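**Q** Sequence:
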Amino acid sequence: MVKEETFESIINEFRELSQKGIEEQVLGEGYPLDMHLHPGTMQPYDASGPPYQSPFVLTRPVIQTYAAVIGDDNPLYTDPEYAKNGPYGCLIAPGTALIIARNAMWHGARRKGGWPIANFHSGTAWEFFDVLREGTGFQTSSVGKEIIEKPGA
1 MVKEETFESI INEFRELSQK GIEEQVLGEG YPLDMHLHPG TMQPYDASGP PYQSPFVLTR
61 PVIQTYAAVI GDDNPLYTDP EYAKNGPYGC LIAPGTALII ARNAMWHGAR RKGGWPIANF
121 HSGTAWEFFD VLREGTGFQT SSVGKEIIEK PGA
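With the first letter of the sequence shown counted as 1, position 91 gets the number 91 in the working numbering; the numbers rise by one all the way through.
It cannot be assumed that every hint is accurate.
Okay, the calculated beta carbon distance ranges per label pair [said to hold, decoys possible]:
{"id": "1", "residue 1": "Glu-8", "residue 2": "Tyr-88", "range": "37 to 43 Å"}
{"id": "2", "residue 1": "Lys-84", "residue 2": "Lys-20", "range": "21 to 27 Å"}
{"id": "3", "residue 1": "Lys-145", "residue 2": "Gly-95", "range": "17 to 23 Å"}
{"id": "4", "residue 1": "Glu-8", "residue 2": "Gly-123", "range": "25 to 31 Å"}
{"id": "5", "residue 1": "Val-69", "residue 2": "Ala-125", "range": "19 to 25 Å"}
{"id": "6", "residue 1": "Glu-146", "residue 2": "Tyr-88", "range": "20 to 26 Å"}
{"id": "7", "residue 1": "Thr-96", "residue 2": "Glu-8", "range": "37 to 43 Å"}
{"id": "8", "residue 1": "Lys-112", "residue 2": "Asp-72", "range": "40 to 46 Å"}
{"id": "9", "residue 1": "Trp-126", "residue 2": "Asp-79", "range": "21 to 27 Å"}
None of these hints come from the bench; they were simulated from the model.
Nothing here was measured: the structure is a model prediction, and the numbers come from that model.
The beta-carbon is built from N, C-alpha and C at its ideal position, and this holds for glycine as well.
With the hints as constraints, model all of the structure from the sequences given.
**A** Structure, rendered in structure tokens:
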């Protein structure tokens, strides 16, 4: 006899499985949108290996466009000649530019066919070892810290 699932039982399963995944590192997996954002560069990903190598690179146009979009006219981000003679010797990007890089996101437990609920990523913390220089590429991973349930409207 097949046990019929209810919406509540599915939600409870998501809660339980997601709670078990808190503090576990999630590595990037070759995000399907990469095919549209970076044609021909989607990479297969072996989850047992190192972090996902994003096809995203901080090129000059990306840095300058991002700076313009956020309204930051710092010449270290916008003026290649000024930046070349500046403290870093090249154009750099604001740290928040990483938000546009493809990264691994933790969204709780997975289930074939997905879950009948929506979730929301509400925060990111980055650890920087240097400035974000023109030409920088990325490897990404993430760790879920908590699950907070919000009542529906």
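**Q** So, against the hints stated earlier in the document, which numbers end up violated here?
**A** 1, 2 and 6
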